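Going by my numbering, the first residue of the sequence shown is number 1, and it counts up by one from there.
Just so you know, the hints here were simulated from the structure itself, not pulled from any lab data. Check the hints yourself; a few may be wrong.
[To be verified] SDA-like mimics (lysine to any residue), calculated; alpha carbons at most 25 Å apart, straight line:
{"hint": "1", "residue 1": "Lys161", "residue 2": "Arg93"}
{"hint": "2", "residue 1": "Lys161", "residue 2": "Cys196"}
{"hint": "3", "residue 1": "Lys161", "residue 2": "Asn118"}
{"hint": "4", "residue 1": "Lys161", "residue 2": "Phe99"}
{"hint": "5", "residue 1": "Lys161", "residue 2": "Ser105"}
{"hint": "6", "residue 1": "Lys161", "residue 2": "Phe144"}
{"hint": "7", "residue 1": "Lys161", "residue 2": "Pro104"}
{"hint": "8", "residue 1": "Lys161", "residue 2": "Pro86"}
{"hint": "9", "residue 1": "Lys161", "residue 2": "Pro131"}
{"hint": "10", "residue 1": "Lys161", "residue 2": "Trp100"}
{"hint": "11", "residue 1": "Lys161", "residue 2": "Trp36"}
{"hint": "12", "residue 1": "Lys161", "residue 2": "Val198"}
{"hint": "13", "residue 1": "Lys161", "residue 2": "His83"}
{"hint": "14", "residue 1": "Lys161", "residue 2": "Asp197"}
{"hint": "15", "residue 1": "Lys161", "residue 2": "Tyr129"}
{"hint": "16", "residue 1": "Lys161", "residue 2": "Val91"}
{"hint": "17", "residue 1": "Lys161", "residue 2": "Ser74"}
{"hint": "18", "residue 1": "Lys161", "residue 2": "Arg135"}
{"hint": "19", "residue 1": "Lys161", "residue 2": "Pro60"}
{"hint": "20", "residue 1": "Lys161", "residue 2": "Glu146"}
{"hint": "21", "residue 1": "Lys161", "residue 2": "Ala126"}
{"hint": "22", "residue 1": "Lys161", "residue 2": "Cys82"}
{"hint": "23", "residue 1": "Lys161", "residue 2": "Tyr66"}
{"hint": "24", "residue 1": "Lys161", "residue 2": "Arg58"}
{"hint": "25", "residue 1": "Lys161", "residue 2": "Ala62"}
{"hint": "26", "residue 1": "Lys161", "residue 2": "Glu149"}
{"hint": "27", "residue 1": "Lys161", "residue 2": "Thr81"}
{"hint": "28", "residue 1": "Lys161", "residue 2": "Ser130"}
{"hint": "29", "residue 1": "Lys161", "residue 2": "Ala114"}
{"hint": "30", "residue 1": "Lys161", "residue 2": "Glu187"}
This structure is a prediction, so every number in the text was calculated from the model and none was measured.
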Amino acid sequence: PGMVAGRDGCLVPRVRKPRLDECCASWIQRWKLGRWAAWAGRWLDRPAALFLARVHQRGPIAVMDYLQTIPDSSRVEFWTTCHATPYFSHVHRNLSMHFWDCSPSFEPGYVDEAARFNRAPGAFLAERYSPTSDRQLPTHVVLFDEVLEDVGPLLAHHGFKQCYRTLHMVNFGRLKLWSLNLAEMFEHILVFAQSCDVT
1 PGMVAGRDGC LVPRVRKPRL DECCASWIQR WKLGRWAAWA GRWLDRPAAL
51 FLARVHQRGP IAVMDYLQTI PDSSRVEFWT TCHATPYFSH VHRNLSMHFW
101 DCSPSFEPGY VDEAARFNRA PGAFLAERYS PTSDRQLPTH VVLFDEVLED
151 VGPLLAHHGF KQCYRTLHMV NFGRLKLWSL NLAEMFEHIL VFAQSCDVT
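Produce the entire structure from the sequences given, and follow the hints as far as they go.
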């Protein structure tokens, strides 16, 4: 298809937009940055990659590693968003685990468990585990710290205590990224249980 001059004068194929490195190459040559810019470009991304791979949002895998250590007779419920953890892909044991149903439905007015929990966690759990309900509380509960204020009284009433806490997301204060308010996102993942026994 031929070559076309880009905005900065570098030649690029007509069928695609200019790549960032092609455009930056002419800028680097113009400002005579050469090897320094190439070296900086190669090494400045390392800290970001390490942070994103080892710290930021590592909580779901860390909490599953913790659940590997609890007794086989445990019943675990995830009071989190749907599919927030890797579930059985990391817990290779016959452990009873449950997370909220978030199946799509074409029924008008249908609201799944996850949406009902996210809307009003305390009210949803009070209804789900009411004395007239046949459901029993699990032995272990996994949740994000953001909902602890709403569900904490229920957990305390039934003798649950915090057994495990791990970092999920670094809180950048009041930073806003597009429409996401990062200060309101989940910072820690917690595990509560009536007994913190591990195997």
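Need the status of pair Lys161, Arg93: alpha-carbon distance at most 25 Å? At roughly 24 Å apart (the allowed maximum being 25 Å), Arg93 and Lys161 satisfy the hint.
Need the status of pair Lys161, His83: alpha-carbon distance at most 25 Å? Satisfied, since the Cα-Cα distance of roughly 24 Å is no more than 25 Å.
Just to be careful, I want the Cα atoms of Lys161 and Cys196 compared with a cutoff of 25 Å; is the pair within it? holds, 8 Å
Are Lys161 and Ala62 close enough, with their CA atoms no more than 25 Å apart? holds, 19 Å
What's the verdict on Lys161 and Tyr66, does the C-alpha distance respect the 25 Å limit or exceed it? Since the Cα atoms of Lys161 and Tyr66 sit roughly 15 Å apart, the hinted pair holds (cutoff 25 Å).
Does Asn118 lie within 25 Å of Lys161 when you go C-alpha to C-alpha? holds, 22 Å
Just to be careful, I want the Cα atoms of Lys161 and Arg58 compared with a cutoff of 25 Å; is the pair within it? Distance ~23 Å between Lys161 and Arg58 Cα, so the pair holds.
Regarding the pair Lys161 and Ser130, is the alpha-carbon distance no greater than 25 Å? The hint holds at about 20 Å.
Assess, step by step, whether the Cα of Lys161 is no farther than 25 Å from the Cα of Val91, and give holds or violated. Status holds; Cα separation ~22 Å.
Straight-line Cα separation of Lys161 and Glu187 no greater than 25 Å? The hint holds at about 19 Å.
Does Pro131 sit within 25 Å of Lys161, going by the straight-line distance between their CA atoms? holds, 21 Å
Does Pro60 sit within 25 Å of Lys161, going by the straight-line distance between their CA atoms? holds, 20 Å
Violated hints for the displayed structure, listed by number in ascending order: 5, 7, 11.
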